[in-house]
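Let the sequences and hints guide you as you build the complete structure.
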Amino acid sequence: MIDLKDITKVYRTGSQSLEALRGVSLAIGRGEFVSIMGPSGSGKSTLMNIVGCLDTPTAGAYVLDGQAVAGLTFDELAAVRNRKIGFVFQNFNLLPYATAWENVELPMLFDGKSGRKRRERVTELLNAVGLFDWREHRPTELSGGQQQRIALARALANDPPILLADEPTGNLDSKSGEEIMAILIDLWRAGRTIVMVTHDDHIAARSERTIRLFDGQVVA
Amino acid sequence: MNTTLPRFFWNEYRKRRKRTSLITFALFWGTLSILLLMAFGQGMSTQARVSFSGFGQTLIMVYGGQTSLPFEGLPKGRPIRLYPEDVDYLRERVPEILRIVPESYNSWAVSAGGKEINRTVHGTTSDFAFLRTQVPQLGGRFLDADDDRLGRKVAFIGWKVANDLFGSQDAVGRTIVINRVPFTVIGVLRKKIQDSMYNGPDADQVYLPFRTFGQIDNQRFLDQIHMQPREASQSTLIEERVKALLGRKYRFDPKDRYATTFWNTIEDFKQGQAIFKGIEIFLGVMGALTLLIGAVGVTNLMYAAAKERTKEIGIKLAIGARRRTIIGQFLLETLFVFTKGTFWGFVLSFNIVHLVRLAPINYDSFGIEGYLLRPVFSLRTFIVYMTVLGCLCFLSGIFPALRASRANPIESLRYE
Numbered sequence: 001m002i003d004l005k006d007i008t009k010v011y012r013t014g015s016q017s018l019e020a021l022r023g024v025s026l027a028i029g030r031g032e033f034v035s036i037m038g039p040s041g042s043g044k045s046t047l048m049n050i051v052g053c054l055d056t057p058t059a060g061a062y063v064l065d066g067q068a069v070a071g072l073t074f075d076e077l078a079a080v081r082n083r084k085i086g087f088v089f090q091n092f093n094l095l096p097y098a099t100a101w102e103n104v105e106l107p108m109l110f111d112g113k114s115g116r117k118r119r120e121r122v123t124e125l126l127n128a129v130g131l132f133d134w135r136e137h138r139p140t141e142l143s144g145g146q147q148q149r150i151a152l153a154r155a156l157a158n159d160p161p162i163l164l165a166d167e168p169t170g171n172l173d174s175k176s177g178e179e180i181m182a183i184l185i186d187l188w189r190a191g192r193t194i195v196m197v198t199h200d201d202h203i204a205a206r207s208e209r210t211i212r213l214f215d216g217q218v219v220a
Numbered sequence: 001m002n003t004t005l006p007r008f009f010w011n012e013y014r015k016r017r018k019r020t021s022l023i024t025f026a027l028f029w030g031t032l033s034i035l036l037l038m039a040f041g042q043g044m045s046t047q048a049r050v051s052f053s054g055f056g057q058t059l060i061m062v063y064g065g066q067t068s069l070p071f072e073g074l075p076k077g078r079p080i081r082l083y084p085e086d087v088d089y090l091r092e093r094v095p096e097i098l099r100i101v102p103e104s105y106n107s108w109a110v111s112a113g114g115k116e117i118n119r120t121v122h123g124t125t126s127d128f129a130f131l132r133t134q135v136p137q138l139g140g141r142f143l144d145a146d147d148d149r150l151g152r153k154v155a156f157i158g159w160k161v162a163n164d165l166f167g168s169q170d171a172v173g174r175t176i177v178i179n180r181v182p183f184t185v186i187g188v189l190r191k192k193i194q195d196s197m198y199n200g201p202d203a204d205q206v207y208l209p210f211r212t213f214g215q216i217d218n219q220r221f222l223d224q225i226h227m228q229p230r231e232a233s234q235s236t237l238i239e240e241r242v243k244a245l246l247g248r249k250y251r252f253d254p255k256d257r258y259a260t261t262f263w264n265t266i267e268d269f270k271q272g273q274a275i276f277k278g279i280e281i282f283l284g285v286m287g288a289l290t291l292l293i294g295a296v297g298v299t300n301l302m303y304a305a306a307k308e309r310t311k312e313i314g315i316k317l318a319i320g321a322r323r324r325t326i327i328g329q330f331l332l333e334t335l336f337v338f339t340k341g342t343f344w345g346f347v348l349s350f351n352i353v354h355l356v357r358l359a360p361i362n363y364d365s366f367g368i369e370g371y372l373l374r375p376v377f378s379l380r381t382f383i384v385y386m387t388v389l390g391c392l393c394f395l396s397g398i399f400p401a402l403r404a405s406r407a408n409p410i411e412s413l414r415y416e
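Quick mapping for you: the protein sequence lines, in order, are chains C and W. The numbering of the first sequence is our numbering, which starts it at 1 and goes up by one. The numbering of the second sequence is our numbering, which starts it at 1 and goes up by one.
The hints are simulated quantities; they were obtained by calculation from the structure and are not laboratory data. Heads up, the beta-carbon is just placed ideally off N, CA and C, and yes, glycines get one too. One should not assume that every hint holds.
To be verified - Label-pair ranges, simulated between beta-carbon atoms:
#1 W:ARG14 <-> C:GLN67: 36 to 44 Å
#2 W:CYS391 <-> C:GLN217: 48 to 56 Å
#3 W:PHE394 <-> C:ARG209: 48 to 56 Å
This is the structure we're talking about:
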């Protein structure tokens, strides 16, 4: 499903350059639940961004679901992000002026889905995360846990096969974090591929496999 | 772009409109200022033209004078008088003249109903109405050829004369006494604005048929002759010919500037037009500069708005927004803001112009308010303004939109 070979990412600022990833190779199969761990600056987020097609590698090859990502245009990458990947961020990244319903609906709008399909899917997802009654609320009117559940619903809007979660419980209390983890595990059991960045060993322990990064390299 | 996206963007815009209120206000204020500036400028220019035509804008007047040069053995200092027969003399010899009328005047007591006032009384013929914009009020008429031919005792009076003698009552058909001779009022001058005059404004004058005037006045020579050329471009040619003909008849040097005096309103109008044009150009430049300043302001605000929304753009890119979606949203929002700001600016300026136009002009003491109270809302100016501002707004919107659409999603997501 996800196949990375010798991925290198170098950030250049003026005359200085920083090698965030150094020859990372890994493969994640369909339906796997993988967590990525490592200290700050180890390259976890950079790896996650490349896997999520939010960033492109400086060198190396990335094949996603049988498709080489390197040759894709900006809009083709956008289409991949829209249909194949769902994102869950540590700080939720919901549109502040949009309601819970609108936030969940947005990826489907970008995909051009019909109004009826959107309504059915948003209703289904909001019910699934237990927030249908909060559909008209804006993010600022929701708790952190509720916001992350809305973000999860949004990530699933176009029913993507891959879910990328970057510290999904990092900004939540333990109860809310547990609720999010429960949903992620349910999604994995339902056949979705989940890649999760975390600092927390207990959280990582709930995944099938843990990849450890250090100084931009896979160490375990 | 999906058809539902514009609706979603409209929805987003409505939620964020407080954030764009400054841009909307800038466009509203700019539209209001420029449209009012142009309306008042054009109104002043138009009023200046109207007041010019109130006197007569295709008119050449010739007065008698005194020679300042010796000519063919005759000394300088001889008075040159114009006589009634000069009218036919010039008409026959100068084919470029379309209309020509004599005019004599004197100051007399004019009385009616126990009221007496001193006014200038003129003797002239029917064509004077065309030359000097003498339009009668409803129910009246100006002097005609029969009045002159038959020497009728009829008078055409200015509206101030009518008001002074008859108040609010209708003056037509009433009798006025001039120099102890009774006259019937046949018409009252319709109110007009007039920036040039001799013997005061036409509102204060009394006009009699030329022949009738001659019966109560013992002055045999004319005070002036009025001429209207067939073509405005022939006015200086007519001046030259009349000068030459009168010089030959009364034996003075045609180059003698003081033997006869000409008042050529066509030439005055040309100069006036240059001033009006200058005013319009000045206002146009002012408008363009205001527009430019406004556009710079709007561009700045649009840029700031785009910057402020960097993170939002990052989120949208992360969940699959295409480049054209981001550009489309920015352009649509620019269109919404532009339409809203300019619409209210247009509505308010249009109403201000029409409200101001309702204010009455004091024709009796025509002053600066006469120029200011008749602004003109020009559709052409509005279309030009909307086109230019629309292009500037489009440019103001497209650059931040392009910048936003090219943003790296990661950097945008990190932006705080």
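Hint check results:
no., hint, verdict
1, W:ARG14 <-> C:GLN67: 36 to 44 Å, "holds (39 Å)"
2, W:CYS391 <-> C:GLN217: 48 to 56 Å, "holds (54 Å)"
3, W:PHE394 <-> C:ARG209: 48 to 56 Å, "holds (53 Å)"
Going down the numbered hints, you'll see the structure goes against none, and every one checks out.
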